[in-house]
Amino acid sequence: MSWFTNTFKTSIGKKLIMAVTGLSFICFLMAHLAGNLTLYGGENAFNSYVERLHTFGPVITLIELGLLFLIIMHILIGSVLFYQNILARPIKYKVYKSAGGRSLGSATMPYSGFIILAFIIFHLINFHFADKTNNTIFQIVAEAFANPLYIVIYIAAMIVLAIHISHAFWSLFQTIGVNHPKYMPLIRIAGIVISLIFGVGFGFLPVYVSLI
Amino acid sequence: MTSTTDKKNINLTLKIWRQNGPDNNGFETYYADDISTDMSFLEMIDVINERLTLEGKDPVAFDHDCREGICGTCGTMINGRAHGPEKGTTLCQLHMRHFADGDTLVIEPWRSRAFKIIKDLVVDRSPLDKIIQAGGYISVNAGKAPDANAIPIPQETAETAMDAAACIGCGACVASCPNASAMLFVGAKISHLALLPQGKPEAMIRVMAMVNEMDRQCFGNCTNHRECEAECPKEISITNIARLNREFIKSGLF
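If you're matching them up, the sequences are chains R and W in order. Using my numbering, you'd call the opening residue of the first sequence number 34 and step up by one each time. Using my numbering, you'd call the opening residue of the second sequence number 1085 and step up by one each time.
These aren't lab readings, by the way, just hints derived from the structure by calculation. Among the hints, erroneous ones may be present.
[Stated by the list, open to error] Listed next, the in silico DSS-like pairs over lysine-lysine satisfying Cα-Cα at most 27 angstroms (straight line): (1) W/Lys1203 - R/Lys130; (2) R/Lys130 - W/Lys1171; (3) R/Lys42 - W/Lys1200; (4) W/Lys1318 - W/Lys1171; (5) W/Lys1099 - W/Lys1203; (6) R/Lys125 - W/Lys1200; (7) W/Lys1141 - W/Lys1099; (8) W/Lys1318 - R/Lys215; (9) W/Lys1318 - R/Lys130; (10) R/Lys127 - W/Lys1318; (11) W/Lys1171 - R/Lys125; (12) W/Lys1214 - R/Lys42; (13) R/Lys127 - W/Lys1203; (14) R/Lys125 - W/Lys1318; (15) R/Lys215 - W/Lys1171; (16) R/Lys215 - W/Lys1334; (17) R/Lys127 - W/Lys1200; (18) R/Lys130 - W/Lys1200; (19) W/Lys1171 - R/Lys127; (20) W/Lys1099 - R/Lys127; (21) W/Lys1284 - R/Lys42; (22) R/Lys130 - W/Lys1099; (23) W/Lys1284 - W/Lys1228; (24) W/Lys1203 - R/Lys125; (25) W/Lys1141 - R/Lys127; (26) R/Lys125 - W/Lys1214; (27) W/Lys1141 - W/Lys1200; (28) W/Lys1099 - W/Lys1171; (29) R/Lys125 - W/Lys1099; (30) R/Lys42 - W/Lys1334; (31) W/Lys1284 - R/Lys215; (32) W/Lys1284 - W/Lys1214.
All values derive from a computational prediction rather than experimental measurement.
From just these sequences and the hints, can you work out the full model?
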């Protein structure tokens, strides 16, 4: 185990864990968005998608537990890195100006991360742990988004998610060592496109559900 | 003096960090009157120091050596920018013509937990030396000098290694990084050795040793803000950090 701990206790080792767990969340979000798009097919399409998904039973539970493990790692290691970075400069500059490197996404990574965590807990309470004995999942979703406050919270959270991913996507490639002038511009564009797809794709769903 | 040379002189207000002990510190304001725009930034501080000395006051301590932009000794923050606002420029190569008459400049030392302040604007950058000592070298048996072209190296590789080797170790990457991380420095040093055949035998040991030393010196963690790349006086690219990450993965996992 010594090679393992020696590798992952280092600064770069911890960042590698952040990159790989982060990439798995992006994969999860793609699948999640693809499934949610069935909402545009109406009540029956969405309910039958959810029913079909649940026929996978233990596989889904396994994936859920896996995601839970990855998310705990991402949060804990992210917090350690954040704390170490605060300690690394005990006396702040009186004047500090960006030379043009930082972006909205990179400057707010830890904060957007914690907001997304709060949102995930809120989101799971709303839908995952909701009482489904008398209601179909579509009814629960429709009921939640009848409340304008929920729509606002969900859209705001998706904007924060998009900002987080706008930096996260290219940054994870850089961390796993994939950066070359040949294809880095493409990765950066892909990051913006993916964050927009997630932001708009998830963000518009509450509005659509409230309208039907 | 003629009127044209008079025109080239500017008046500045300087707010300089003075520190002569753990508790004896703070910003002092100085008026830099009649500064020629042909001067370099360091020559401007020389003038201020001459005036301070004549007044019987302690001159401002600052690091400098070659004043040609190649040694990496000078460097302070000017209005929140490492080596001042010009791109790809060390402090000694920054000229006063880039400032306007009446400007106020806040001059601070590099700030990082790893860089302790020695006096005023002078910081101890030996943590960077410690990282080099941990593995930033190649072991060569002494003896006859080998033939110059005994080991063929493609031109492109040699150029990439040379770009990384342009690092002068000034510490601007650490100073400008929001996390005070030394990853660009380590990335440059790892790259210039890892790219060349002479550096390959020790590459796997080197990267682990240097990254561990970097952590031990309490530098921050890179979060890919890219401020280092934007401030580096030698314009070293963060592709060198990606190469460091690749070397680390090879060493740590394979």
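Between R/Lys42 and W/Lys1200, does the CA-CA distance stay at or below 27 angstroms? The given pair, whose Cα atoms are some 25 angstroms apart, holds under the 27 angstroms limit.
27 angstroms Cα cutoff - pair W/Lys1171, R/Lys125: holds (23 angstroms)
Is the Cα-Cα distance between W/Lys1099 and W/Lys1171 27 angstroms or less? holds (22 angstroms)
Proposed proximity, W/Lys1171 with R/Lys130 (alpha carbon, max 27 angstroms): holds (14 angstroms)
Satisfaction of hint between W/Lys1099 and R/Lys125, Cα-Cα up to 27 angstroms: Answer holds: R/Lys125 to W/Lys1099 is near 16 angstroms, not above 27 angstroms.
Given the proposed pairing of W/Lys1203 with R/Lys125, does the C-alpha separation stay at or below 27 angstroms? With a Cα-Cα distance of about 17 angstroms, the restraint between W/Lys1203 and R/Lys125 holds, given a limit of 27 angstroms.
Does the structure keep R/Lys42 and W/Lys1334 at a Cα separation of 27 angstroms or less? holds (16 angstroms)
Straight-line Cα separation of W/Lys1284 and W/Lys1228 no greater than 27 angstroms? holds (21 angstroms)
Against the 27 angstroms threshold, does the CA-CA distance of R/Lys127 and W/Lys1200 hold or violate the hint? With a Cα-Cα distance of about 17 angstroms, the restraint between R/Lys127 and W/Lys1200 holds, given a limit of 27 angstroms.
27 angstroms Cα cutoff - pair W/Lys1099, W/Lys1203: Holds. W/Lys1099 to W/Lys1203 sits at ~16 angstroms (cutoff 27 angstroms).
Check whether the Cα positions of W/Lys1141 and W/Lys1099 lie no farther apart than 27 angstroms. holds (16 angstroms)
Keeping to a limit of 27 angstroms between CA atoms, is the pair of W/Lys1284 and R/Lys42 held or broken? Holds - the C-alpha atoms of R/Lys42 and W/Lys1284 are around 25 angstroms apart, at most 27 angstroms.
Taken one by one, the earlier hints all hold for this structure without exception.
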